[in-house]
Amino acid sequence: MHFWQDAQFGNRMITLMAALLLVLQIMMVTQRWLITSIRSFALQSLLLACIANTIAYYNNAPYIYAAAALMLVVKVILLPVHFERLAKRIEVHQEIEPLVNAPISVITAGLLTLLAYVVAEAFHRPDERVGAASLGHNTLAVAIAIFLIGFFMMLNRRKALSQVLALLSMENGIFLAAISLTYGMPMIVEVGIFFDVLVGGIVLAILVHQIRDTFDSMDVSRLSRLKG
Amino acid sequence: MLILLLLSIPLLACGLTALVRNRRSMEAIHLASAVVSFGAAVLLAGEVLRQGTVSLFNGFLFADSLSALAALLTAFATLACAPYAIGYLRREEADQRLAPSSDSHGTDALPKLRMYYTLTPLFVFCMFLAVVANNLGVMWVAVESTTLASIFLVTFYGRPTSLEAAWKYAMIGGVGLSMALFGTVLTYYSAHQVLGGESMSALNWSVLVAHAPQFDKSVMRLAFIFILLGFGTKAGMAPMHTWKPDAYNEAPIPIAALMATAVLNCAIYALARFNALTALCLGPAFSSRLLILFGLLSVGVAVPFILVQRSARRLLAYSSIDNGGIMVLGLGFGGPLGALAMLLHMTYHTVTKPLLFFCVGNAQQHTKSDSLRAAAGGLIHALPITAPMLMLGALAVTGTPPFGLFQSEFMVLRAGFAGPYMGVAIVLVAFLVAIFCGIFHQISQIVLGPPRGVPREPNCPWKTVPVVVLSILVILTGFWLPAPLYQLIDGAARILAVHP
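Note that the protein sequences, when read in sequence, are chains A and B.
Everything in the first sequence is counted per the numbering used here, starting at 1 for the first residue and increasing by one.
Everything in the second sequence is counted per the numbering used here, starting at 1 for the first residue and increasing by one.
Keep in mind the hints are simulated off the structure, nothing from the lab.
Misleading hints may appear alongside valid ones.
Derived CB-CB ranges, DEER-like [stated by the list, open to error]: (1) A:L111 / B:K217: 43 to 53 angstroms; (2) A:S221 / B:Q445: 45 to 55 angstroms; (3) A:R222 / B:R21: 56 to 66 angstroms; (4) B:S371 / A:H209: 52 to 62 angstroms.
If the Cβ cut is set under 10 angstroms, some of the chain B residues that face chain A in the computed set are [as the list claims (entries may be wrong)]: (5) F152; (6) L181; (7) S201; (8) S206; (9) H381; (10) A382; (11) P384; (12) C437; (13) H441.
Where a beta carbon is used, it is the ideal one built from N, C-alpha and C, also for glycine.
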């Protein structure tokens, strides 16, 4: 049997790529260059599309190819290109000092990963046969970790565009959970979610532009006039 | 077919409005679409009463009593807002508040009007889709779309503060709904092991509800926590409520009224569906406790902000947080009584809240200020129709007898005392009394008092007729609820009050 027909090999590949996803997410936590953040996000989405393809190949689930294709179009090409153009047009390159500095951010990300493993442990059933459940354990932990770190990044960042990227990376975590646990949601839901992500990304980009025009800054900590 | 009609009318209105050139035809399309969709919602409710459930496209679209009730309430709120929006926006145009911000010399209000009249039907379409989608994933997509459709309605005036409000709305809503999506994925996972994968119907409510007791329990527990945080954010539950006062303060009045009624209903609707699944799977105690915690917290958070509030619209936003909390508490107390109380509260609240928003909008356009302090009383002399109705609405929304909200709040309390949650119910009574005092005090301060020498507002029927009609309905529903409507509410309560 060739190694590319071995389901065990597929699982290892998926775990490897999931680990890379997590590394990219932690890199994004400390990244201060906006363009690099956008490209890390695009790379993360590309890896996610590869994971989806691998799962589709080893489990004979052709409709996951469609989800991977949507991922490729929306999150690897359309949104990152759109964001890069926006970042160039409004001439912002560097994130101002985040609320928590880089070393503490990385430690926080590590702790959140630990927490994710604790939560995912509850779903680990070693006695079940190879399939969604056995694949789920490790990748689910990574998915929850990406989700939590994305949430932390959102709180930590002050540039509007960085917050949007953090929100989208949280969505990447959910996508990973969906494909690794259940081989993707029903197709119609998948299409709807990507449509929402695309429209949401564009709407938020317009909003970022308006904020930049009005406040002459993308620093959302200036948005603090409404109280009570 | 009726479901399709209900969904296609707002979309059609959205497309047509984008094409027409003058204001008058935009207004006509807007009004006509609101009237026709209300008609469609009433017919759908009738159909559901006769047949039990209506489904279309192999069960992709599906309406039971709960969906029909939520669609009816959304259509009602839209119908109430449509004529008011026409009067409101005409006045804003006359006051030159709609000029495009980019070129200061232009006074053409048409781009903003077109934005309002195209986005509002789209917003309504998303809410209709949320309640008639059988698939819980599609329901999530529709609820998320309501946020996307309404972001530019929150930034309608283009002020720096509206951008801030829209940013908060988009970010807090975005995080919240991504949690709800995670919850939906986990629900699918817990059902997946029972139902098998890949089928289109594996996330359909009608399928899930039949198999809920066999779902994976530990996954369902985690799923419900995410769902509660997610749709709770959309409903404005404390502590995720902070976007709500800002968004209500910055959006145009009819949109704020829609958000306070129809969007709140949609979020509570989604929460109620998932709550029924969770209760079937895990027994009622787990989700009840969480719902009661968040519900009581929301009512409690509203109290201090209502007591010291300076802006009338933010006051209404906190009142909406409080009412959302009461609905969630009703759901949490559970049993047939709790579910019925929740749905009655939803119905009465949908009738009452737009009245308050419209009155506050009229007052705001008259005094050119939203502040409760700047108005300094005497409104009753300048606005002889609006001001007394504002008083009436304030009494109704705080649950004063004989209005409908009194009955539903009383039922929520009864459900609380009947179950093991007597302490919660006692605290709730204290909160409700404090909220009554706060709202009554604040509103009477601006309404009553000697005349301030401001000329009387010229009467504009577009702005006063909805107020008068809604007040009549508020009084009427206090004494009499049409029998078919009650039947519909009762049917919906039976869906929610599950017995595992």
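Problem set entry | Status of the given 56 to 66 angstroms range, CB of R21 (chain B) versus CB of R222 (chain A) | 39 angstroms, violated
Exercise. Between S371 (chain B) and H209 (chain A), does the beta-carbon spacing fit 52 to 62 angstroms?
Worked result: 31 angstroms, violated
For this session: With a cut-off of 10 angstroms on the beta carbons, see whether S201 (chain B) makes it to chain A.
Result: 8 angstroms, holds
Problem set entry | chain A contact restraint for A382 (chain B) - C-beta distance below 10 angstroms | 27 angstroms, violated
Exercise. Does P384 (chain B) meet its interface restraint, that is, does its C-beta lie within less than 10 angstroms of any C-beta in chain A?
Worked result: Where the cut-off is 10 angstroms and the nearest Cβ of chain A is about 31 angstroms from P384 (chain B), the hint is violated.
For this session: Using the beta carbons of S221 (chain A) and Q445 (chain B), state whether their distance is inside 45 to 55 angstroms or not.
Result: 35 angstroms, violated
Exercise. Holds or violated: S206 (chain B) as interface residue toward chain A, Cβ cutoff 10 angstroms?
Worked result: 14 angstroms, violated
Exercise. Does H441 (chain B) meet its interface restraint, that is, does its C-beta lie within less than 10 angstroms of any C-beta in chain A?
Worked result: 17 angstroms, violated
For this session: So, F152 (chain B) near chain A? Judge it on the closest CB pair being under 10 angstroms.
Result: 7 angstroms, holds
For this session: Verify the interface restraint on C437 (chain B): the C-beta must sit less than 10 angstroms from at least one C-beta of chain A.
Result: With Cβ-Cβ at 18 angstroms, over 10 angstroms, it is violated.
Exercise. Against chain A, with CB atoms and a cut of 10 angstroms, does the hint on L181 (chain B) hold up?
Worked result: 5 angstroms, holds
Exercise. Taking the CB of L111 (chain A) and the CB of K217 (chain B), does the distance hold inside 43 to 53 angstroms?
Worked result: 28 angstroms, violated
Hints 1, 2, 3, 4, 8, 9, 10, 11, 12, 13 from the earlier list are contradicted by this structure; the remaining hints agree with it.
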